Every structure is written in structure tokens, then in C-alpha cells.
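K.L.:
Heads up: the sequence lines are chains A and B, in that order. Just remember that the numbering used here sits 3 ahead of the position in the first sequence, which is counted from 1. Just remember that the numbering used here sits 243 ahead of the position in the second sequence, which is counted from 1.
Derived from the structure by calculation, the hints contain no laboratory data. Treat the hints with caution; some may be incorrect.
[Stated by the list, open to error] Reference excerpt, derived from the structure (chain B facing chain A, CB under 8 Å, subset only):
| no. | residue |
| --- | --- |
| 1 | Y466 |
| 2 | M521 |
| 3 | G532 |
Every value quoted in this text rests on a predicted model; they were computed, and no experiment measured them. The beta-carbon is built from N, C-alpha and C at its ideal position, and this holds for glycine as well.
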Amino acid sequence: MKKTPLNRFVALVAAAGMALSAFAADSGAEEAPLRPVLSAYTLEAGGASCTETYLSPLHYSGVAFALTYERMQSMRFNPEKWVMRLDGRLSFDRTTNPAGNASMWGLDLDLGWAMTYRLRLPHSLTLLAGGATGIKGGASYSARNSNNPVAAKAAWTIDATASLIYNTRIGRVPLCLRYQAELPLTGIFFCPEYGELYYEIYLGNRRGLVHGAWPGNYFRLDNLLTADFRFGGTILRVGYRCDVFSSKTNNIVTRDITHTAVLGLVSEWISLGSRSRTALADAKIISALY
Amino acid sequence: MKMNRLLAGAAITIPALLGLGSCHSVESWNDDIYGNFDALWTIIDEHYCFFADKDVDWAEVGARYRAELNPEWEAREFFDHCAAMLAELRDGHTNLISWFDVSYYNKWWSDYPQNFDQRLVEQYYLNFDYSSGSGFIYKYLEDRKVGYVRYASFTSGISDSFIDMMMLTMKDADGMIFDVRDNGGGDISNVEKIVSHFIEERTLAGYITHKTGPGHDEFSEPYPFYFEPATEHVRWFKPVIILTNRSTFSAANNFVGAMKALPQVAIVGATTGGGSGMPFSSELPCGWGVRFSASPVYDADMVLTEAGIEPTPGGAVDLDPEAALKGVDTMLEFAIEVLNKYAEENAGNKGDAPSRFILPTESNGR
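Work out the full structure: start from the sequences and follow the hints.
P.N.:
Right, dumping it as C-alpha cells:
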């Protein structure tokens, strides 16, 4: 047969096909591990301390609430080493000024995605460390102000995140302790200029509203401590969150510190697909957290 | 193994250290007489926008008033002292708000004739019979061939369809009299809503600027803003006279500034009260609020109107108190006469009518 470029291409594709078939047959011999999806729904309640100098130079304090969803799963491409986390958090706070005669309301929505590398440490410790990205939007509202009643918040950040996990038992109850921290390293965020009214933005002046973020001007450290107690198929989560946020740009300082107690339910579920009973019995389960 | 321990340690200690040390500082004051005074002085010092325009030496003012503080003062005395300091700014947009009183600087209007009597207009011109809504009262004065519109405050929401009906009602008039005497302002977005019914195309309405930092001279580049015509609604291109007095203030002042640039509009009455600085709000540790001018607005000629807008040349008229006693509003009469005369002069040559509505003056011979 004459070796034309077309013939060479067909031969190459055929060889690649055979190689892939052989790889697939080999893979089928070892059942892929099961990767349960962890879903957690938690409520948070606690205290908030807020300063938003666009609205007031005073420190406000009051109560904070949040509703949080978290989803974690080991990754298909390397379940032993890589874990993905998705989370969403809707938070609300109501704070008052030191004199107690003015209120500020805050409403924020955070959505995040993280990819972490799993490191097995001695003493049943596991470290998850990696990167995350998230968007945040919300506003603080002061009813007493006339032309500057609202300070809007919006940001997209790339973060560093790490979790230290300790799996143990209390009696017969499996317990998973976790400390997790997330810190934005860079990104962009919205902030009006020092004395700029939102009316001017409405009129069309968009100059200087978006700023590059780094920990020096946009600092946030979200600390989460959880204890997951497994009672049969039910997992109870209790914990504590300390969310520290502080930004300064255009001489406007925004500082929100919340301390909240965390209470919620966690579930792990597995998509069985078309696996046989035997295959399931032999399959290895790699949880994201436990 | 050593590396793993290092990683674990770093994961805990680095965030903890960052958390302790990374909050940005905010100036704070004690809730005592000196702390509250310093907070008030600092808030104004860092945010107020007209120090240079009004030639106010705020450092000198602050030092003078601080030296007079007496820690034994009751709240009332302290409030009056702070209010007196704010009055040095000569600004109608500056208020101190406590649970027992709100301070106002009144001299911007109290030193001038009022030039308006609502009862006079309603009784002798409208016969207490008029249409109202969206903050307006209006009537087509058929016997005088003019439409009269009074807009007393910019705080009310405005409906385009209401303005449509209002304009259609007076479509046969020689012109419209738009009375904003004693209009103390309100929602500035209502300015655009009304002006959009008087413009043919996208129109430069003014410039706005803001502080970019706490320094007295830190301002942004003036930003030009435009109003869009209400193309889906009734628009008015016949002559319009805006009636003003010294109590035409804030958003009403901005409205006059935007309308003054339109070719079919003349300003008649007295110089407006100004108030062209959009106010900001803040507060003191004791819970009192403070409001002050923070964001200057200029007219379409880039003129600051904080001191007021003068009438169109030939349009300066006062209300004669003696005539008022006889049921005559001399400012309104002047406006009616001008509109009637203008219509009469241009009755036969609509196609060649002057492109700009000009008030009669000695210099133009009209």
C-alpha cells in the first residue's frame, strides 16, 4: 500500500483507538471508588460588629444570622488527593449605633467554589489546602441617612483556603472536627469614591468604582470550626464561625466582624449509577471530609 | 513528615495572625462633650464641600468654638453651641439633628422678601378650583390665556401621564407659568422627570462632582450629566416662565438651573435660595445626626449655583405687598403679561418665531 498522508492518518487513528480500548478494558478490571457527595445545610446566629464609614463613622453592633449550604466531593480524576467544595451563604445582620437610636441592616450573598489538595497527616489529621474563587454581593442600609443611605458591596476574589480535619470517636459516635479558613488574595471589588453619591453613579459616572483587591485593601478571613456527629444516617453539625472582613479604599473603611454559632444537618449520598451489587460491595468509598 | 507538620502549623497560625492584625483603623471619639464636638468638627472638615467657595476657615472656626466648650453644659446648651458653629457655613443644607431639636441655618431666605403668598394665588387666580396630583396643582387660566402650574415640593412622586394630562389641558395657552416659589426641594430625580417634558433632544443639564478624599480641595473632575426627552409623552415647547423666590431651594434650585438653559424658558421673580450641594448624612457618638453639603452640582454653564440663580435679564420682579392686599400677585401678573405680549407679537409669523424666548428689557427694546 502506498504511504500517502491520508493512509498515515488512518493508521494513527486506528492505533489510538486500539490503545484506548485496551486502557478501558484495563480500567474496568478495577472498580472506580465511590465518591459520596456531602451536603450540609446550616443556620447561624450570633453577634455582629459593623463599621461602614460611607454611612457613619461609628461602630455599630448587633445580631447576625445566616443560612449556609455546603457541598463537598472528592474529585473523579484523583479522589484520594483532590476535594472540591461549593458553598453559598446568605447572611443578614441588624446593628445599632452606640447611642442605640439608629439601625443599620446588612444583607449579603456569598457564592464560592474551592479545589483543595488532600494531605494525610499523622494522628488521623487531614489537611485540605488549595484555591478558591467566589463572588459576594450585598448592601448595608442606614435608615437615618438621606442621600447616602446605602453602601453596596460586590466583589469577585481568588482565595487561599485550608482545612484541618480530625476524625475520631466519642464512645461509639464518629466525630469529625474541622477548622477551615479562607482568605482572599486578589480579585476586584466595588467601592464608590470618598464622597460620591449613588445618584452620580445613576447619572452615568462609572469612573473609579472597581478596584483591585489584595489583603492590604480587602482583607477577609472566614474562620469556621465545625464538629460533625454521626448518628446512624444522620449527621449533626455544630460549630462556630468568625468572619472578619475589613476593606479600605478611597478613604472608606468597611469592617464587618461576625461571631456566629453554627447548627445544621449534613448528609452524604452516593449516586450508584449502573454498578452491580458485587461491584458496590468491593468499591472503595472516599469521603470528602470523613 | 516534618513538611506535613509545617504545613499544618502554617494553615492554622498564618490566618490567625492575619486576622488579628489586618483590620483597618477608624477614628473614634468619646461620647462626651469634647468627643462629640471633635466628631462633628472632623466630619464636616473631611466631607463638607464649600469651604473654598464660601471662604470659611474651618480650623479657625473649630478652635474658636472648642475653646468655649464647657463640660458642665446640658445637652441643650451644647446643641445650640454646635448649631452656631454649623451656621458659620451659611448653608441651608446643614443641620444638626437631636432628639429634641433640629438646627437650621435660615438666613439664606429669612433676610429676603418672601415674594409668595399661596392663598393669594389660590383665591384670586385659581378661585380655589384647580386640578391636583403628583405634587402639582394646575389650571388653565382661560381668560388670561396662560396655564398655571404650581409645584410646591420635589418630594412627591411624579407620573408622566399626569404631566401629559396637565400639558394637554393648557394646550391653547400662550404659555405656561411654572411656579416653584417656596419649593424647598426634595428628590432630585424628579427634576429629570419634569425637565424631560420640556426638551427636544438629549440635553446637557449640568455637572456634578464629589470629594475624593478628606482634604478641602480633593474633588473629582466635574461629570456632565444629560437629561433624555420624554419622547413617548407630551412635551411643551411653547414659552415657559419659571416663577422663583429666595425659598426656591435645593432640588428646586437645580430644576431652575436645568430649565434656564432651555430656549423656551425664562426665569422670573427673585434669585433662588441655592442649595446646590447634595447633602450627606452622618452622626455623632451621642446619637445626634448631622447633614451637610457634600457633592456640588453645577449648571450647564459650569456655574456653581450654591448662592442662587438669578432671574433671566429683565425678569427680576418682587411681590408688591400693597398690591397683594388687593388680590394681585405682581410676579404672576408680570409673567402673564409677558407671555400674552410674546404670543401677540408672534401670532402671525409662527414659522419665523424667535428661536429663544426672550424677556423684554431696555437693552433689547422689547
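K.L.:
Taking the hints in turn, state whether each one holds.
P.N.:
To see whether the hints hold, each was checked on the structure:
| no. | hint | result |
| --- | --- | --- |
| 1 | Y466 | 4 Å, holds |
| 2 | M521 | 6 Å, holds |
| 3 | G532 | 6 Å, holds |
No hint from the list above goes unmet by this structure.
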